[in-house]
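Enquirer: Protein chains in written order, with the numbering used here: chain A, 1 to 113; chain B, 1 to 111.
Any given hint could turn out to be false.
Said to hold, decoys possible - Some chain B residues judged to face chain A by a derived CB distance under 8 Å, without partners named:
# : residue
1 : G16
2 : K42
3 : F101
4 : S103
Just so you know, these hints were derived from the structure itself, not from any lab.
Note that beta-carbon positions come from the ideal geometry of N, C-alpha and C, so glycine has one too.
Chain residues, written in single-letter form:
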Amino acid sequence: KAGVTQTPRYLIKTRGQQVTLSCSPISGHRSVSWYQQTPGQGLQFLFEYFSETQRNKGNFPGRFSGRQFSNSRSEMNVSTLELGDSALYLCASRGGGPTDTQYFGPGTRLTVL
Amino acid sequence: GESVGLHLPTLSVQEGDNSIINCAYSNSASDYFIWYKQESGKGPQFIIDIRSNMDKRQGQRVTVLLNKTVKHLSLQIAATQPGDSAVYFCAEKERGRALTFGSGTRLQVQP
């Protein structure tokens, strides 16, 4: 089975711009979660989608949003970028049960200048 | 490669030795725990998991121990190899909630 894929792998934006990141889960997985990873804050949960519905949401401002499509692919959007949004954004997928193992993609490295 | 964490606690071991990485978790309602390994430039890679109705689980060269009384999780790696060098994260999960990750431990294997 192919793993979780994320595009693009690297992205450079300037403050005030917006960005959309894409994630394709493992085939058959219905749950997609997004995380932000920074050296200072570690891995922080952004949101989880299951069957096109947001199931959980972390403590991030409304500038961070996401969605999931009927094929389980997911996108996350960050509007009005700030310097502090520079991070590795990780997507993870799992089957959807409460203790199904979560598998991560390679991440998208976003740099905001 | 990309920096995962600039000020992580570091465990340095000799190749061939056993490694023990510890993790304290905070949520007594967590019932599922996972260890991940993250190498530079890559996403976290699943190593092993354990449910709260168990106190030990073994995989290939790895063992996870769970002590719910003191909310402590440990990962034991037998015969540590240079390829084991990475940052290791524990994660906990309460039913209905998202995974919560620990801050990570950097494992350095000296040849």
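Enquirer: Look at each hint and say if it fits the structure.
Expert: Okay, the hints, checked on the actual structure:
This hint is violated: G16 (chain B) has a C-beta 29 Å from the nearest C-beta of chain A, more than the 8 Å allowed. Interface restraint check for K42 (chain B): the shortest CB-CB distance to chain A comes to about 6 Å, inside 8 Å, so the restraint holds. A distance limit of 8 Å between C-beta atoms decides the matter here; for F101 (chain B) the minimum to chain A is near 4 Å, and the interface restraint holds. Taking 8 Å as the C-beta cut-off, the interface hint given for S103 (chain B) holds, the closest approach to chain A being about 5 Å.
When the structure is compared with the earlier hints, a violation turns up for hint 1 alone.
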